[in-house]
Amino acid sequence: MVGTEPGARAGDVVNDTEELARLRAQVGRTAHDLANVLGIALNYTLFLEEDLPPEPDHPARQSLPQLESAARRAVELVRQLQDELATPSGGGREEPMARS
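All residue numbers for the sequence shown refer to the numbering used here, where the first residue is 98 and numbers rise by one.
Since the hints were derived computationally from the structure, they do not count as laboratory data.
None of these values were measured; they are calculated from a predicted model.
Glycine included, each C-beta is placed from N, C-alpha and C at the ideal position.
Don't take each hint at face value.
Label-pair ranges, simulated between beta-carbon atoms [stated by the list, open to error]: (1) R158 / A183: 49 to 55 Å; (2) A157 / V124: 31 to 37 Å; (3) I137 / S160: 14 to 20 Å; (4) R106 / T184: 43 to 49 Å; (5) E181 / R106: 25 to 31 Å; (6) E147 / R121: 35 to 41 Å.
Start from the sequences, fold in the hints, and give me the full structure.
What follows is the structure, given as structure tokens:
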């Protein structure tokens, strides 16, 4: 039978490991790009806050804390993803999936 030899299973594991490495690299690049975009959004929020009139009841000023908070939270989530990808085992989940 094809695929029942001991070497076939080892080949599946190697292929799965290589695919996982490629996927992790792609996710890492995407996370890096997303972090850059979020950093820009966060900076523009801070620039806007500086440019607004100083009145605390200005309508735009009232929305800025929520916008800044959301951007900071998104940056933190991307940072967590990057940290997870930076660990050699991906947080202990590097076990290749068995093929059926």
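A quick look at each hint next to the structure:
no. : hint                    : result
1   : R158 / A183: 49 to 55 Å : violated, 38 Å
2   : A157 / V124: 31 to 37 Å : holds, 35 Å
3   : I137 / S160: 14 to 20 Å : holds, 18 Å
4   : R106 / T184: 43 to 49 Å : violated, 26 Å
5   : E181 / R106: 25 to 31 Å : holds, 28 Å
6   : E147 / R121: 35 to 41 Å : holds, 39 Å
Violation of the numbered hints given earlier is confined to hints 1, 4; the remaining hints are satisfied by the structure.
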